[in-house]
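Q: Given these sequences and hints, build the entire structure.
Residue 54 is where the sequence shown starts when you use this note's numbering, and the numbers rise one by one after that.
Everything labelled a hint here was simulated from the structure, so no lab data went into it.
It should be emphasised that the depicted structure is a prediction, and the values quoted were computed from it without experimental measurement.
Where a beta carbon is used, it is the ideal one built from N, C-alpha and C, also for glycine.
Warning: the hint list may mix true and false statements.
As the list claims (entries may be wrong) - What follows is a set of in silico ranges between Cβ atoms, one per label pair, in the way DEER data are often shown: (1) 133 <-> 89: 41 to 47 Å; (2) 103 <-> 82: 15 to 21 Å; (3) 98 <-> 128: 42 to 48 Å; (4) 62 <-> 133: 39 to 45 Å; (5) 142 <-> 97: 42 to 48 Å.
To be verified - Cut-off 30 Å, straight-line C-alpha distance, at most; resulting in silico cross-link-like pairs (DSS-like, lysine-lysine): (6) 94 <-> 106; (7) 123 <-> 106; (8) 128 <-> 106; (9) 106 <-> 86; (10) 106 <-> 137.
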Amino acid sequence: LEYYTERLQLLPAMQFGGRPGRTTTDSLHLLTKFTKDAWRKGHEVAAIFMDVKGAFPNTVIPVLAHDMRKRGIPKRFTDWIERKSEGRETVI
54 LEYYTERLQL
64 LPAMQFGGRP
74 GRTTTDSLHL
84 LTKFTKDAWR
94 KGHEVAAIFM
104 DVKGAFPNTV
114 IPVLAHDMRK
124 RGIPKRFTDW
134 IERKSEGRET
144 VI
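A: What follows is the structure in C-alpha cells.
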C-alpha cells in the first residue's frame, strides 16, 4: 500500500506520519522554518496539531475500500483490508 500511496500521491505533501523518508524531526524543521519566515515578515503564526487516533476504528470499511479502488489501489489490497476487518466492533 505504501508504494501505491506514494506513487499515486494520495497523501498531502505535509503528511509526515507513516511515510517513508519523513520523520518527526523533518516536520519540526519545516514548522520552525515556516514560523521564522512568517515572523521575519511581521506576521503572526498559529498552529493546530492533531493526532486522529480514533479515526480508523470508526471507518466504514466498505466505503474505505471503494474510495481506495477509485484512487487506483489494486483490488487485491482492498479485498485484504475488507477480510481483515470482518467481524470487528467499535466499542464506545
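Q: Next step is simple, just say for each hint if it's right about the structure.
A: Consistency of the hints with the structure:
1. Range check, residue 133 to residue 89: Cβ separation about 44 Å, and the 41 to 47 Å hint holds.
2. At roughly 19 Å, the beta-carbon separation of residue 103 and residue 82 lies within the given 15 to 21 Å, and the hint holds.
3. Between residue 98 and residue 128 the C-beta distance comes to about 44 Å, which sits within the given range of 42 to 48 Å.
4. Between residue 62 and residue 133 the beta carbons are some 22 Å apart, a value that contradicts the proposed interval 39 to 45 Å.
5. Between residue 142 and residue 97 the Cβ separation comes to about 45 Å, which falls inside the hinted range of 42 to 48 Å.
6. At roughly 35 Å between alpha-carbon atoms, residue 94 and residue 106 are farther apart than 30 Å, so this suggested pair is violated.
7. Restraint check: the Cα-Cα separation between residue 123 and residue 106 comes to about 25 Å, which is no more than 30 Å; the hinted pair holds.
8. Pair hint residue 128 plus residue 106 holds up; C-alpha atoms about 26 Å apart against a cutoff of 30 Å.
9. For a cut-off of 30 Å, the pair hint linking residue 106 to residue 86 stands: about 27 Å separates their Cα positions.
10. For the suggested pair residue 106 and residue 137, the alpha carbons sit about 19 Å apart, so the restraint of at most 30 Å is met.
Hints 4 and 6, counting from the list given before, are not met by this structure.
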